[in-house]
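Fit chain B to the supplied structure of chain A, relying on the hints for placement.
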Amino acid sequence: MAYTFSGGIHVEEYKNTRKCRIETLPPPRTVTIPLSQHIGAPAVATVIPGEEVTLGQKIGNVAEEMLGCPVHASVSGKVKEIIKKTLPTGATVDHVVIENDMKDTPCPDIKPIEKKLTDVSTEEIVSIIREAGIVGMGGAAFPTYAKINSALGKVDRIIINCAECEPFITANHRLLLEHPASVINGIKILLKALGVHTAWIAVEDNKQDAVEKLEELTEDSRMITVKVMKTKYPQGDERQLVYALTGQEIPTGKLPADVGCVIFNAETCAAVYKAFANGTPSISRVVTVDGDCVRHPKNLLVPVGTPVSDLVEFCGGLSKEPYKLVSGGPMMGMAQWDPEMSVTKSTSAVLLFSERFGKKNVKVPTCIHCGRCVNHCPMHLMPMYIAQFSKIGDFKRAEDYGAMNCVECGSCSYNCPGGVEIVQHIRVAKAAIKTEKARLASLNAQK
Amino acid sequence: MDNQEKIPEESGRRKKTPKTYSMPPFLTVSPSPHIRSADSTTTVMLNVLIALCPAFLWGIYVFGIRALVLVLISVVSCIVWEAAAQFLLKRPVTVGDLSAAVTGMLLGMNLPVTAPLWMPVVGGFFAIVIVKQLFGGIGKNFVNPALAARVFLFSWASSMSLFPAAGEKVTSLAVNLAETDVVAGATPLAALKTGVLPDTNLFGMIVGNMTGCIGEVSSLLLVAGGVYLLVQKIITWQIPVAYIGTVALLTFLFPQSNGIAYEFMLYEIFSGGLLLGAIFMATDYSTSPVTPVGRLIFGAGCGAITVLIRYFGAYPEGVSFSILIMNLLVWYIDKVTMPRRFGGKTNGKTER
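Read top to bottom, the protein sequences are chains A and B. So for the first sequence, numbering that gives the first Met the number 0 puts the first residue at 0; every next one is plus one. So for the second sequence, numbering that gives the first Met the number 0 puts the first residue at 0; every next one is plus one.
Pairs of lysine-lysine, BS3-like flavour, derived with a Cα cap of 30 Å:
#1 A:395 - B:334
#2 B:232 - A:362
#3 A:18 - A:187
#4 A:436 - A:390
#5 A:253 - B:334
#6 A:187 - A:115
#7 A:395 - A:446
#8 B:334 - A:429
#9 B:334 - A:436
#10 B:139 - A:362
#11 B:232 - A:359
#12 A:358 - A:14
#13 B:139 - A:358
#14 A:114 - A:212
Under 10 Å between C-beta atoms, here's a sample of chain B residues computed to sit facing chain A:
#15 22
#16 23
#17 28
#18 37
#19 39
#20 92
#21 232
#22 284
#23 289
#24 290
#25 340
#26 343
Keep in mind the hints are simulated off the structure, nothing from the lab. Note that the Cβ used here is the ideal one computed from N, Cα and C, for glycine as well.
Chain A on its own, in the form it takes in the complex:
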């Protein structure tokens, strides 16, 4: 039985790399590691320029009581400098530049947890995960330890999100095929941490080979089940995921934990397992390198902080004039201006597109009121009305029409025959509504 949701779209999949084994990128000469690769407070550098660092050494830390997690060196070598640079998400934070000495001297602190899983307490697991700097590797980069803490006692099941509904990306798919055991072991650790007995691995039905592999490995497990969902975008959105599997809608403004679910990314689980089995912190990840400009699209295991240009070079260079560099999937990923952008813990894909790729042949963007956005909106909104109100600056009515419910999946813009940037208009409205609310709140506070 396949699970699904209402609305959404069938996008061209472009999963060119589904058969590409994960290859390890040759060690980069320098890495530029952002000190904020997570939601929350940026880490503060614990190293100074000129200092020698070892592989896996902590180079940035966040105070215990604040949301955030430490950052580790992904190569061994010498700290060249600490610079201010723009993150893929747009914020400007400190980056630690490390020159690789190619020795991979391991950090002496890294050692496996030599305890049986049954003997480890929740607090210990949470602290190990925090110290390993593990964040949600699907894209949101929410610190995993904080997610566990917020879900403790509230949830009765874990959902492992392997929908990978974005076109092009196959990083999770390959991980499930090549390292299913580490994912499953990671799930067991998370089950133990949360004290729950049900885990669902949710996979879209375009990954049958991974489904078979996982089913084989979880045959004996009474706790872990594989759930196959229909391939439809945005199945990987947590609201649609929970709805497809449980039939429950997460109420507006609430979290999956409020309906008893907590969602982890597959690679996050693998990272949790690595932190236990080897003590390795989160310093590398699988990245899909693809797009019509990339000569040989590949899946690569990349140290965090590697510049994108190194990845492209390893993939045979560019076969077309590049126009856009997208960090993440083509539907929700962000276009980057900087070809030296660093890979972070949440960069699931690096895509390079030529100028004409994916463009719509529309001269003047105009809404023709066709209603496709309405019929495809997974949040059941009327996107074109919100966009129109946003365009004329009527943010009050944009809010009345549900602008704040928008998850920015892009289904509306993708389908719009008029070529209207619907999501972007809605984003503008959301930002304006938030600013206005903050302004009103501060006014009220003054009174």
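Positioned in the frame of chain A, the structure of chain B alone reads:
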């Protein structure tokens, strides 16, 4: 500066492999999504034109060469009016999206073959300049341009209601037809209006052996066009089904003749512009609701008003007026049929 220094070095290193491009120092940023479906306004309109073709060709076959000329004049004049209006209003000229061609095609197919050749030009002006461009262009018109123009052309009522007898071809290309050029006939609807079942047989009507406007005679080919649009996902089923269903129900329950109710119902459905209106005109994007429920309401409203006008109005035909009236309600229908939000509780109210 850094970047400028790096480029020559990089391109020098990569020269070994031919046809390899280097990264520019800056890339273009744009909002997501970065891929789009291939559908555009042009492909949508092209599909509508394709769907109209079978019924149009049948119209030429039944009514003769004049039908082709009338429709061509209509299409060309609509395109010219659109380009001229956009040029004068200093807007980008977008006749390439084919929406003006669709309006022209529909307007032409809604004329009787006997109409003077200047009529589609005047109608095109009203449709494109007055109804469409002056209200902001495509997507902003508040009523269907082709239908508004058709109703505007009823100002010349005698020309608009002169139909050739069934099977009569009109070959004259004179601007105004002389009396001798055409053997006038009554449309089945005119007969139904008087409470008499028309003498045309039902099967002939479905195939298209009757008289009427150029594009409305062959029910079979109109439905075929509708099925094509449904398959291409240009239209949804709600409006045509609700529209025709309502007409069927009302005419079945309250037949206006002594004949058998279902026979009267079938004559009502297959005569006049009902199918052309329900499939091609009521489903016009700009002037129809966007929600499935809204579309059902819209279709049912069109159906009810059509029957009311056919029964009690001065004109035998009610399709044009009913769609125009419902067009005006689209904004409200959209508003009251706002879908229940995912994760929300109430209809349309913001949860705070």
